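Following the hints, complete the assembly by docking chain B onto the known chain A.
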Amino acid sequence: MSEPREPGFSTLAIHAGAQPDPSTGARATPIYQTTSFVFDDVDHAASLFGLQAFGNIYTRIGNPTCAVLEERIAALEGGTAALAVASGHAAEHLVFHTLLSPGDEFIAARQLYGGSVNQFGEAYKKFGWNVVWADIDDISSFENAVSDKTKAIFIESIANPGGAITDIEAISKIAKKAGVPLIVDNTMASPYLCQPFKHGADIIVHSATKFLGGHGNSIGGLIVDGGTFDWSAPGKYPSLSEPCASYQGMVLYETFGNFAFAIACRVLGLRDLGPALSPFNAFMLLTGIETLPLRMQRHSDNALKVAEYLKAHPKVDYVNYSGLEGDKYNEAAKKYCPKGAGAVFTFGLKGGYDAGVALVSGVEMFSHLANIGDTRSLIIHPASTTHRQLTDEQKTKAGAGPEVVRLSIGIEEVADIIADLDQALEKI
Amino acid sequence: MNHDSYDDAYVRGILDDVKTIAMVGASANSIRPSYFVLKYLLDKGYKVFPINPGHAGKDILGQTVYASLADVPEPIDMVDIFRNSEAAGAVVDEALTLDPLPKVIWMQLTVRNDAAAGKAEAAGVRMIMNRCPKIEYGRLSGEIGWVGVNSRTLSSKRPKLASRGFQHRTIGK
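Listed in order, the protein sequences are those of chains A and B.
Quick note on numbering: the first sequence equals residues 0 to 427 in numbering that gives the first Met the number 0.
Quick note on numbering: the second sequence equals residues 0 to 172 in numbering that gives the first Met the number 0.
Only chain A is shown next, with the shape it has when bound in the complex:
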């Protein structure tokens, strides 16, 4: 008899969570486009509402199509369980709602997607959740930021937009010492390039909108529970460790063990705050994930060639791509993202602001828009768009100086991608 073996990543990307439909035999995951599910009887309903039975009640709390996506990402990340929600922002919000109470603090890397910077720094003030910023280029800044109010640390594996690679293991040590979970946003890398749980992360979040879906057609977010964090400390994470009033006094960490965090995000966060993913979007994201390994390798291979091309171009001042030999983050990239450094990077034009505007106007195949992680190659000049409202000094600090252009390299023929940039650079 052969030894049991672990399926490989590409196999999980296609099969995890998805058996044929039990009723019809449909092989593709059906879109269960329904708000609600009938109960067999009153006792069945009571078991479902009391979390005593597994099953479906209402699509705001769970749906069989969304569930396949959840199990798929849990398998790909090597976690115990996952939760699908309406957007990456919703994923972050449910994670912090589960962990924080008013007056609590969390530490976050400065090097984050701008949307997360706004969410943490501005929106969360109204909840009394206080972000303390730290710098991934100075690991001691994380340690120095720890206080008795710290409840979590948040980083991105590959930081958007600059492409910095975060030293997950070093920050994980600080989180463990502080007794708080490490949350990693793995959107830019996807689990194909980086596996944060293997480096000490406790919770992973995704904007599935980007590389997981991969085709620029559906917004979605995911939370993955690593099953590694001990929630039992009395009073520290009351959503998990204290009797839950809306479930007759149940203690979630006792009842759900190493997937209690994902359950708490669902049965408290999603139930009460409501950012459910539509089953249709779950289906689109699932279809995307089936080809994640193929696409992600091509994205990374193309990006490296484009970065090399740009680095040699006379009108280009610098290129920040951790996949390039000699890049500040190249060693970290080899460790954390050995198959490739992802699709997104920035570069600086010698011609400054006007050259940036001319370049985004001059491209013919690149799409000028504010997303990343599409099959199509995307371009944006932050100083004239996403970061327009900032002062010049703030722009530079945010890595969005007047000369900076951000690319998200698609999976077209790389020669065509380079040719488009070449003709547009020619016109500057």
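Certain hints may be false.
Distance windows between CB atoms, simulated [what the hints assert, rightly or not]:
{"no.": "1", "chain 1": "B", "residue 1": "K159", "chain 2": "A", "residue 2": "A27", "range": "18 to 26 Å"}
{"no.": "2", "chain 1": "A", "residue 1": "P274", "chain 2": "B", "residue 2": "E85", "range": "43 to 51 Å"}
{"no.": "3", "chain 1": "A", "residue 1": "A369", "chain 2": "B", "residue 2": "D15", "range": "24 to 32 Å"}
A few chain B residues that face chain A, going by a derived Cβ cut-off under 7 Å, partial list only [what the hints assert, rightly or not]:
{"no.": "4", "residue": "Y9"}
{"no.": "5", "residue": "R11"}
{"no.": "6", "residue": "A27"}
{"no.": "7", "residue": "P32"}
{"no.": "8", "residue": "F35"}
{"no.": "9", "residue": "K38"}
{"no.": "10", "residue": "A69"}
{"no.": "11", "residue": "V71"}
{"no.": "12", "residue": "P72"}
{"no.": "13", "residue": "E142"}
{"no.": "14", "residue": "V148"}
{"no.": "15", "residue": "N149"}
{"no.": "16", "residue": "L153"}
{"no.": "17", "residue": "S154"}
{"no.": "18", "residue": "L160"}
Reference listing, derived: stretches of chain A covered by chain B, where coverage requires no fewer than 3 residues with Cβ under 8 Å from a Cβ of chain B [said to hold, decoys possible]:
{"no.": "19", "region": "9-15"}
{"no.": "20", "region": "73-79"}
These aren't lab readings, by the way, just hints derived from the structure by calculation.
Note that this is a predicted model, so its numbers are computed, not measured.
Here a beta-carbon is modelled for each residue, glycine too, at the ideal position from N, C-alpha and C.
Chain B in isolation, oriented as in the chain A frame:
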């Protein structure tokens, strides 16, 4: 045998084989894990005998509660232990005095007693430790995927539905 991990086939074989289960430490409190598991196993068609000296003679979910394993009036296929790891040793000793012997002794999540397991295995009893039969049943039937849990199983076969339809799956043949 190795008790750090179990083959799915081993766990499935046990859950498929046993019909009667004595649950030591069954709770009458509807928010306790042991109550959940009792309710779930009953729903899956197992005959479950709650064992709890404090509730002996009363019933939980319609099942008569017994004070000890020896009081159960039928042969017990599996003893499921909801006690701490140390106390589980005495439960195993008690189970090994039963005639006929149980086929399986199962210790719940976080419960592990290797010395006791060694004794049971020497007597020909199959052991599982630090697992939950509800989670394992949910995992192997595919039900647990509905709450986003990684079942760590892959299959291109249709899940088997119990007689009540889509919301009830089974691992039975």
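A quick look at each hint next to the structure:
1. For the pair B:K159 and A:A27, the supplied restraint of 18 to 26 Å holds, since their beta-carbon distance comes to about 20 Å.
2. Against the hinted window of 43 to 51 Å, the Cβ-Cβ separation of A:P274 and B:E85 comes to about 45 Å, which satisfies the hint.
3. With their beta carbons about 54 Å apart, A:A369 and B:D15 fall outside the hinted range of 24 to 32 Å.
4. A cut of 7 Å between beta carbons decides the hint on B:Y9: the least distance to chain A is about 10 Å, and the hint is violated.
5. Hint status for B:R11 relative to chain A: violated, with the closest Cβ pair at about 12 Å, above 7 Å.
6. For B:A27, the suggested interface contact is broken, since its CB lies about 14 Å from the closest CB of chain A, more than 7 Å.
7. With 7 Å as the threshold, the beta carbon of B:P32 comes within range of chain A, its nearest partner Cβ sitting at about 5 Å, so the hint holds.
8. Interface restraint check for B:F35: the shortest CB-CB distance to chain A comes to about 5 Å, inside 7 Å, so the restraint holds.
9. The beta carbon of B:K38 is positioned within 7 Å of a beta carbon in chain A (closest approach about 5 Å), and the interface hint is therefore held.
10. Interface hint at B:A69: violated, since its Cβ lies 30 Å from the closest Cβ of chain A, which is beyond the 7 Å cut-off.
11. Annotation: interface hint on B:V71 violated; nearest CB of chain A at approximately 24 Å, more than 7 Å.
12. Nearest Cβ of chain A to the Cβ of B:P72: about 26 Å, over the 7 Å cut. The hint is violated.
13. Interface restraint check: B:E142 against chain A, minimum CB-CB distance 4 Å, threshold 7 Å, status holds.
14. A distance limit of 7 Å between C-beta atoms decides the matter here; for B:V148 the minimum to chain A is near 4 Å, and the interface restraint holds.
15. Given hint, B:N149 at the interface with chain A, holds; its Cβ is 4 Å from that chain's nearest Cβ, closer than 7 Å.
16. For B:L153, the shortest C-beta to C-beta distance to chain A is roughly 5 Å, which falls under 7 Å, so the interface hint holds.
17. For B:S154, the shortest C-beta to C-beta distance to chain A is roughly 5 Å, which falls under 7 Å, so the interface hint holds.
18. Evaluation of the B:L160 hint against chain A yields a held restraint, the C-beta minimum of about 5 Å falling below 7 Å.
19. Judged by the Cβ-Cβ criterion of 8 Å, the region 9-15 of chain A is covered by chain B as claimed, because 4 of its residues qualify and three suffice.
20. Counting residues of the region 73-79 of chain A whose beta carbon lies closer than 8 Å to any beta carbon of chain B gives 4, which reaches the threshold of three, so the coverage claim holds.
The structure shown violates the earlier hints numbered 3, 4, 5, 6, 10, 11 and 12.
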